[in-house]
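Protein chains in written order, with numbering that gives the first Met the number 0: chain A, 0 to 240; chain B, 0 to 503.
Certain hints may be false.
Partial selection, computed: residues in chain B whose CB lies under 10 angstroms from chain A [as the list claims (entries may be wrong)]:
id	residue
1	PHE68
2	ASP128
3	PHE153
4	TYR269
5	ARG287
6	TYR318
7	SER413
8	PRO471
9	TYR473
Quick caveat, the hints were computed from the structure, so don't treat them as lab data.
Only a predicted model underlies this, so the values are computations on that prediction, with no experimental measurement involved.
Positions of the beta carbon are idealized from the N, C-alpha and C atoms, including for glycine.
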Amino acid sequence: MLSTLYALMFYAATVLIVVGVGAKIRKYALTPAPLKIPTTPAPVTETGVVLRMLREVLFFESLYKSNKWIWAFGWIFHMALWLIVIRHLRYTIPGTTPALLNFLQPFGKYAGFAMVLGLAGLWARRFLVDRVRYISNPSDHLILALLVAIGLSGLSMKYVAHTDVIAVKAFMSGLWTFQINTLPTDPLILIHLTLVLMLMIVFPISKLLHAPGVFFSPTRNQVDNPREKRHLAPWAAELEK
Amino acid sequence: MADGDTQVPILDDPLQVPCIKPGAMEGLQPFLASPEHQEALGFPGELVPDWKEKALAKMAELAEKNRAFQVYLDICVKCGACTDKCHYFLGTADPKNMPVARQDLLRSVYRRYFTFAGKYFPWLVGARDLTEDVLKEWYSYYHQCSECRRCSVFCPYGIDTAEITMAARDILDAVGMGQKYSNEIIGKVHAVGNNLGLNPKALAATLEGLEEDIEDDTGVSVRLPIDEKGADILLVTPSADFFAEPHIEGLIGYAKVFHQAGVSWTLSSYASEAANFGLFIGNYENMRLVSQRIRKAAKDLGVKRIIFGECGHAWRVAYSFLNTLAGPWDFLDPNYPVPQHILEFTWNEIQKGTLKLDKSKNDHMTITFHDSCNVARGSRMGDMPGGQFEIPRNVIKAVCNNYVDMDRDTIYESTLCCGGGGGLLTDDLMDLRIKGASPRMAALREVTENDGVTHMAAICAICKTQFSKVMPKYGYDMDQIVSVHQLVSNAIILDGQETDDAES
Ligand code: SF4
Ligand code: SF4
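Bound conformation, chain A alone (with noise of 0.2 angstroms):
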C-alpha cells in the first residue's frame, strides 16, 4: 500500500518536473531577444560564448568575481550536489552498478557533508547580512530547509540508523519498468524520498528554475558581433515592412 502510494507519488513527481520544466525551456527558447546585449567580458565567436558557458557553470566565474563567500559556499554545494545525484544512481539503475559510480562512490560518500556545510553557510550569510537579509523570501529560507533537511536525512541513514538498501534499490529500479517493489518502512527514508518528492514538485514553480535558466540567458549566451551580423528578432522584422 504505503510502496504504491510512493510508487505513484514518483510517477506524479517526475510528470511535473518534466512536464514543468519542458514547458519553461519552451518558453525561454521561443522568446525572442530583440537587442544583441552581451555582457563584457563578451566572446566574439560561438566556441567562446560555450566556453564562457562552461567557465560559468562549472566555476562559477562571474560569482567568483562578485564575492568569494557566496562563490566558496554555493560552489561547494552545487558541486557536492551533483556527485550526490550521480552517486544516488546506483539506487535507481537496475541490475549491477556501473563501474565509473563504483569509482565515484567513495567521494560521494563524503559530499553529503560538503553539501550540508555549504548550505549552512549559505543559510547563516540570510541572517548575517543585512543585504541579503533585506532580499530574503520565505521561499528563499524554505528552500534551504528542505535541501539540508534532504541532506541531513541522507546522512543519517549512511551513517547513523542504515536502511534496507537493496529493497530501496529494488523499489526504485523497479519503477523503470512499472514494477512496484517493497519499499523500507523506516522513518529516514521514507522522511528522505518526500522531501525529494517536493523538492521535484516546487521544481519548475520556484528560482530552481536558474538551473536551465542560466543557459538562456542573453547577457551570458549571446555573440558579441553585432557589427558583422545583424540581429534581428521576428516581431522587430515586421516594423520593417
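Following the hints, position chain B with the ligands against chain A.
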C-alpha cells in the same frame, strides 16, 4: 531637490559597503513628462484610468517579446552577490538601490499575476498586488538606476537590472507616467534632430564659430562641414559636443584628426545627435525611430562610412543595436565596420603615423581614464575583445606622458557609472547624482593623493557633463574632467601650424 541640501558622501574606499538604511531615498522622483511630451512619443498624456490593466498587459507583452525580461524575472536566486555592486546603493545605502531589490520591485508584481507560486502563495515568495503606491515606487526607484549594467557583470546568471529598469520605464510610459527629462529630449530629436533642439542654422553658425577659433589658435583653417553631400564620412556626435565644455574641445579634436588624416567628412543637421534616449526609456519603437534618422542622413548625403563621436550610451546603441535598428548597411563601404568609433579612427591614424603629435603639450596634466559604463559593458571597439578598454588608453598614452589607472576594481568591465547616466542627468535628480558619483570620486581621490593625478578623461557626453557638475562638490574644479580628443587636440601639430615653442 536643490543640491544645497545633499550630504556629500565621502567614502574611505571606493567600494566601501554601507549598512542598509531603508527608506533613505524614498520619494525621490524626477518631474513627470507633460501630456504634450508624452503624446509626441505615442504615449498617453497622463495616468490612464485603467492603468492597472494596461500595466499588466504591457508586462505580459514584454514577457512575450523580450527573453531577458522573462528569464531574469524567473531565475534570480537571491544570492546577494549583486547587492553591493550598484554605485547608487554604495552612495545612498537605500536597500531598494541594491540591484536585486530594484528588480524585486517589479518581480513581486510579475509573480503575483503571472506565476503559480505568486498567485496562490503570495506571502511565501514576496508577491504583491499592483497598487498606485507600487506604481509610484517604480517611478521613484527605476529612476534611480542608470542602466549601467555593473550588476550584470557580477551576477552568476548575468541578470541585467538595466533590462528590468528599461522594461519598468516602458510600462510606466505605457500608462502615462513618463519622465520629463528623457521624453522631452526624445521629442526634440524626432522634431529637430538633436537633444538640444538646435536648428540647422544655429548649428551651422556654431560650427563656423569653431572653425574661426581653431584658425585663431593654430593659424590653420580646419573645417567643420555640415550637410555636405558626397563626403566620405558621416560623423554622428552627441549634440553636447556643439556647446558644452569639455565636450567642445573633443569635437575640435575630431576635426583636427580628420583634417590631418586628409579625409572628407560631414556632420548632418538631420541626424545631429548620437545619443539615443530611446534606450533609456526602454522603448524599442522610439529607439528605432531615432536610429532611422542616421540611416536617412547617410543615404541622403551619400556617405561611405559612419563614425560616432565620444558618447557612452550612444556608442552602445551604435555598436550593439544600430545594425538591428537601422541596418542593413549594405549601401556603405564594406571595408569599414558600421559604425566606427572616432577612437578607432584616431588610433588607426596614430598607428599609420599620419598624425604629428607632441606629447609634451599635455605635460601640465597627469591623466586617469574613466571607462564609461555603456562603452565598457555594452559595446566594444576594434576587432579584439576588450578593445573598448585598450584603444582609449592607447590613444591617451600616445598623446600624454603622464597616465595612471584608478583602482582595478573600479575600471574596465567593473567600472563605476558617473552617476548621471541612463536618463538621470537632470537637475531634479541632483541629490542622487551627487551620491551616485561618490564611489568614482573616492577612486579618483586615491590616485590624486597617491599619484598626483590632476585630470580625468572620459569618452561620454553624459559623464563629462555629470562630472563637471559634481566634481566641484568633491573638491575638484569643473575643468578637471577632459575629453579624450581634447588631449589629442592639444598634442596634434597640424601641417603649417604656428608653434610658439622651439622644440616642437
Ligand atoms: S547576483 Fe543575480 S541571482 Fe544573485 S541576487 Fe543578484 S540578481 Fe539575483
Ligand atoms: S544597472 Fe547599474 S545603476 Fe542599475 S541597478 Fe545595476 S548597477 Fe545599479
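Hints and how they fare:
no., hint, result
1, PHE68, "holds, 8 angstroms"
2, ASP128, "violated, 16 angstroms"
3, PHE153, "holds, 4 angstroms"
4, TYR269, "violated, 20 angstroms"
5, ARG287, "holds, 7 angstroms"
6, TYR318, "holds, 6 angstroms"
7, SER413, "holds, 8 angstroms"
8, PRO471, "violated, 31 angstroms"
9, TYR473, "violated, 26 angstroms"
The earlier numbered hints that this structure contradicts are 2, 4, 8, 9.
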